[in-house]
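Given chain D, work out where chains R and B should sit, using these hints.
Residue numbers (the numbering used here), protein chains in the order written: chain D, 1 to 545; chain R, 1 to 241; chain B, 1 to 131.
FYI, nobody ran anything at the bench for these hints, they're computed from the structure.
Glycine included, C-beta positions come from ideal geometry on N, C-alpha and C.
Each hint should be verified, as a subset may be incorrect.
To be verified - Output of the computed footprint for chain R on chain D, the stretches with three or more beta carbons under 8 Å from beta carbons of chain R:
1) 231–240
2) 266–277
3) 287–300
4) 345–353
Stated by the list, open to error - Cross-link-like lysine to any residue pairs, in silico, SDA-like; alpha carbons within 20 Å at most:
5) D:K305 <-> B:A20
6) D:K413 <-> D:N424
7) R:K47 <-> D:H275
8) D:K305 <-> R:D80
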Amino acid sequence: MSTLTVPARAAPLRALASTDHKRVAIGAGAVAFAFFVAGGVLSLIMRSQLAADGGVISQDSYNQLFTMHGSTMVYLFVVPVGLAIGLYFVPLQVGAAEVAGPRVALAGLWLLVFGGLSMWAGFLTSGGAAAASWWGFDPLSDSLHSPGSGMELWIFGVVMATAGQMLWAGCVLVTALRRRAPQMTLLRMPVFTWSMLATCLLVVFAFPALIVALALLWAQRHFGGVLGGGLGAVDYQQLFWFYGHPVVYVMFFPFIGMVGEIVATFSGRRFFGHHAFILALLAFAGLSMTVWAHHMFTMGQATNKYFALTSTALVVPAGIEYLDLLGTLWRGRLRFSAAFLFALGFIVQFLVGGLTGIILASPPLDYGLNMSYFVVAHFHYTIFAGSAFGLFGGIYYWFPKLTGALLRERLGKLQFLLMAIGTNLTFFPMFVLGAEGMTRRIALYPTSTGWQPLNVLATFGALVIALSVLLFLINVWVSLRSREPAGDDPWQGQTLEWATSSPPPRHNFDALPPIRSFAPLLDAREAAQEATARARGDVAEGAPA
Amino acid sequence: MADSLHAYEHVRGIYFPIAIGVFAVIVAALLILLVRGARRRSAPGRKSDALAFELFYAVTLACVTVVLVAITFHAETPLDRTAAHPALRIEVTAAQWSWRLVYSNGASVTAVSTWHPTPAFVPTGEQVEFVGTSRDVIHGFWVPQLHFQRQLLPGYETRFDLRFDRPGRYGGECSVFCGNQHSEMHFALQAVSPARFQSWLNSQTAQPTAAAAVAARAGRSAQGLTAGRSAGRVGAAEAAG
Amino acid sequence: MRRAAIVLLAWGAWLGVMTAAQAPFRSIKGPFGVHWIEAAMLGGAAATCVLAGLVLWALDARAGERESARVLATDSLATTTLVAGLALALLGAGFGLWLILIGASVAALGAGGLARETRARRRGHRGEGAP
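Chain D with its partners taken away, still in its complex shape:
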């Protein structure tokens, strides 16, 4: 399969309108990361408020802050960055020359940009940004209780960003299903590609529910009579959570996929249980579509027991995935690079989030803990201590492929150390605070509650996290200015993206190596080693396995 490239146009035009999936992905990743920093600044203000005795900001401002913090992190950072990394690497990992529907992918980038700008423009309006939490739940979000354009801009922004994500998922899904290289069968796709496939299934089949919910909300705000009273509020939440649970898996699967790649590479061996992992991924994704109303246990308006059953059943595929990750470490020869450290951080810390999730999946426990800081701790452990650590692992792993330069290892390890300390100092105390009865989404509390010391600790942890992110940005700056060339394959990788230049050309590959398993480069290396050994007469007999 050969391709012709149309001569390149001027650079500024390319930045705005490139149809190269790699450029779109880098643009999307950069935009998402910028939103991460913005959302992080909001959280630092929130943490200052909660550590201080007496208000730093007004309650109304605080409510806008946590709404925009959660909305930014979910809609504008973690979901798009995972999809962006898939957009970059799935075509490479399956040996394709480009993504399916390159202009559709480009459209997704601009939908993210306009969506994010629209949401944040709320801060510029007289009524301020949206302040009805990232759920935007009715009736709090209707025109009576959330008047003003901040809420309108939020609704439009979320719709646009989500639509862009659905477009990306379609592109990546079609690429994996229909644009693989001739020898790349489904079962030879690596774990990251399969994790992206599961991610895209969730985006395509669950995200439409959010669009419907927000459309109904918008209609309710403008015409009324759509979401009426108690029943309407329940329906909004049924629709919202049908999206709202799968989205947290969209914020998990890409990162466990990249952790799998990192662990295999730095263990020097094949991923363990590849087929079982794939099956677990698909089962996990399917199950995650069936658990949504565990967010509604305390309403008493959903079939609680069904959702308790499906939510607890998540331990089965999760356990298999953890078994396979540990199995990949088994008998490995480990290299403790920065990427590998972040992957280990993911494995340990996500587990805390996952186990506390099983606790919350039991209604008798959820009745006591829901809407408290226990839940806040739970989901920050899964999304930040888990997925964000996996993300940084992926960044340290794949940065050389994107740019041709290595990130500084020492700075990376220091960032890991600080980030791990900061993360646990920030979020572990929240389990205790929740068990002590501290409600989430409160802007202040009297010191007589005894909650202040742990809140001060959490705020200190947040500052440490901020420092670690600053270190990361410095690392990127230094590494790009004074480059350590990476070459095609700095880590002795196993998958196809390492079989081309860093960065890859527009058409991705000049030539593909033979593909006989999910680790073609490892196969080639092992075959070469055996050939050398045989030539030297070190192997007594027989053809290689």
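Below, chains R and B without anything else, positioned relative to chain D:
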């Protein structure tokens, strides 16, 4: 019947140790693998599948799931039910940002945007049924010490039972974010012996005590309450009927 | 390539099984009655996924060999313009007809540009073709 405190403690006593134990085992296994892998000099292992073992592991996890779910269902069923003949029924009305608890004889206790609410009395050792609704947005009736909460929806009545075994003050919070003064939307329940409760209730019939003073301080929210309270006499008649 | 459809068919079937598993819990009626929306959403996703799988199966059965050469365009300003126009038009629903009109005009420009790009690409195929 509905005893949320003991149900929670019972289930927690199983789930939390299991969670901590699983975490410890996995981290221990991880550390062993890391130490071994750091020291390894020979070529890495080649074995990369063990389908039979994975199947066995998956089945084991499924059995664990069944056990956990059975424990959960068993503890949950009484919590979701309400007694046919509760000893006491209290009507709860939540509004931005206040609570009003009304007894069947028309007595009421109100708490408006305060961290130090006047408590509503309840008897110990008996099923107390709460019938809750909201006047505007969704609110959450949460009693942390009983490990129980229910969302109160506008235009709909949520019913649930609570049981107070120990006497004392039970703080109540609004657990569902409900707007500007969500942080301050608190109520309190004072559990006393049934005899003391009855004498308190009788003394309440004449005037709903601190409510008036508190309401006067609260301004805008109080307007809604005043209207509600004058309708309260009608409401009391409806509640009794 | 036919086997790709199996992923969608199998996943959709798995969702269907989980929808059916809701049935034994239906006897537990909530105060608003049976929660049909739960079965409708999950069952709808299951059915859509299976349908998509069938469509993909049919497409794969019909698809011939891929073209041996493809021209890779490097950019599409028309796409960016179209999305900008649609975004403005959507925001116009909250801010006024004037913004809707501006957005629609920009979107029309983008759509026109897309048509031009598509025609140019087809000409490229017929003209330069394979190396």
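Each hint, compared with the structure:
1. 231–240: n = 3 at 8 Å, threshold three: holds.
2. 266–277: This one holds; 10 residues, not fewer than the three required, reach chain R with a Cβ under 8 Å.
3. 287–300: holds (count 3)
4. 345–353: Coverage by chain R holds for the segment 345–353 of chain D (4 residues, Cβ < 8 Å).
5. D:K305 <-> B:A20: holds, 15 Å
6. D:K413 <-> D:N424: With Cα atoms ~17 Å apart, D:K413 and D:N424 stay inside 20 Å; holds.
7. R:K47 <-> D:H275: Given that 20 Å is the threshold and the Cα spacing comes to 13 Å, the pair holds.
8. D:K305 <-> R:D80: holds, 11 Å
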